[in-house]
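Colleague: So the protein lines, in turn, are chains A and B.
Numbered continuously in our numbering, the first sequence closes out at residue 97.
Numbered continuously in our numbering, the second sequence closes out at residue 111.
Warning: the hint list may mix true and false statements.
As the list claims (entries may be wrong) - Listed below are the simulated BS3-like cross-link pairs for lysine-lysine, each with C-alpha atoms no more than 25 Å apart in a straight line:
| no. | chain 1 | residue 1 | chain 2 | residue 2 |
| --- | --- | --- | --- | --- |
| 1 | A | K41 | B | K2 |
| 2 | B | K68 | B | K51 |
| 3 | A | K41 | B | K98 |
As the list claims (entries may be wrong) - Covered stretches of chain B (in silico footprint by chain A; criterion: 3 or more residues with CB under 8 Å from a CB of chain A, positions within the stretch not fixed):
| no. | segment |
| --- | --- |
| 4 | 33 to 42 |
| 5 | 89 to 96 |
| 6 | 100 to 111 |
Just so you know, the hints here were simulated from the structure itself, not pulled from any lab data.
Just so you know, even glycine gets a beta-carbon here, dropped at the ideal spot from N, CA and C.
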Amino acid sequence: DSGVTQTPKHLITATGQRVTLRCSPRSGDLSVYWYQQSLDQGLQFLIQYYNGEERAKGNILERFSAQQFPDLHSELNLSSLELGDSALYFCASSAASGSLTQYFGPGTRLTVL
Amino acid sequence: DQQVKQNSPSLSVQEGRISILNCDYTNSMFDYFLWYKKYPAEGPTFLISISSIKDKNEDGRFTVFLNKSAKHLSLHIVPSQPGDSAVYFCAASEMTGGGNKLTFGTGTQLKVEL
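Looking at chain B on its own, in the form it has when it is part of the complex (with noise of 0.2 Å):
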């Protein structure tokens, strides 16, 4: 049972333009949702978060948009750069018996092109 969806494995999108992942979930006990971006050969590295009581969250280029009623966060990316092209990541957050779990989608793979 998938708790974190990310049904697009790809997206290709011009430089410039705007990038936008979409992550589902299904469990109402999430507090935290977070974006990873990960390139090839390095582990997952932190990009922005949401807490659960949120809507949005902007960082730079990056914002993260969460739809609680419809259990469904995005991250945009504006304007979209070659050096952005990575495995994209949608995690969230449990806390659970004085620790932390994060559950992870499958990822997406952005691809920016020139």
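Chain A on its own, in the form it takes in the complex (with noise of 0.2 Å):
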């Protein structure tokens, strides 16, 4: 158990709604990330956030925004899904905004009928 936790663990939408994925960071860790593993796929760097603040961000869709509110839990709010938006989310969490070593969840499973 790494610490970090992830709800909801699965997901199962239709097309061109909305959902939001939560994410809790382990005790004391700061930064969070947000990554999307598509099948067959590694792991895709969607955002970074630290104390509140965006910090790096990879290849995020514009339908696609995040947030980390001030008890550092983060939601990845995900728009106007499509088909190809079906995918595993991991969130991870770090103490510092340059660590190396980051801790991740469990993930949310998202489907899109």
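Work from the hints to combine the two standalone chains into their complex.
Modeller: So this is what it looks like as structure tokens:
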């Protein structure tokens, strides 16, 4: 158990809909990262937050947005969902912004029908 | 454009023998390289890392070798154990705008057989 929690574990929705994925980092960690893993793909970095502020951005679509709240939990919002958005979404956390070691949650499996 | 590549999707090794997992990269700006291990229905778990200024790092049964001129790294597991059966991801780190971005390969499924 990494100490990072993600909810929900599974999510099934329809094209065009909007969903919110939630992540609680390990106790004491200030940095949160979001990754997407599509079928047969490696993990694709989406975005990083540190203590509420955006720190690094990857290939995140404009339809996706994220934020980190004062209690340090983070939410990833996915809107106008398409079939290709079906994937595993992982959240990770680390103590500091530049920490090498990231601790991953178990992921949220999103299925768009 | 895949900056981190793991060209072997799977590897099968006998228990007690050496497992060698390979990874190639293209971006010279990567400053650290990491290996993560992933079991089904779990998130990846950090295994070992190496700085771009070193050529070897060892931690118990796990050793990572970096050949910077060839832009190649490898993970050696000796001796391999059945519990090592998992997907192994190679990842490369670069600092960007005060943050840290990890670029992952597509993974290699290791199966250690009795």
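Colleague: Against the structure, test the hints numbered earlier, and report the numbers of the ones violated in rising order.
Modeller: none
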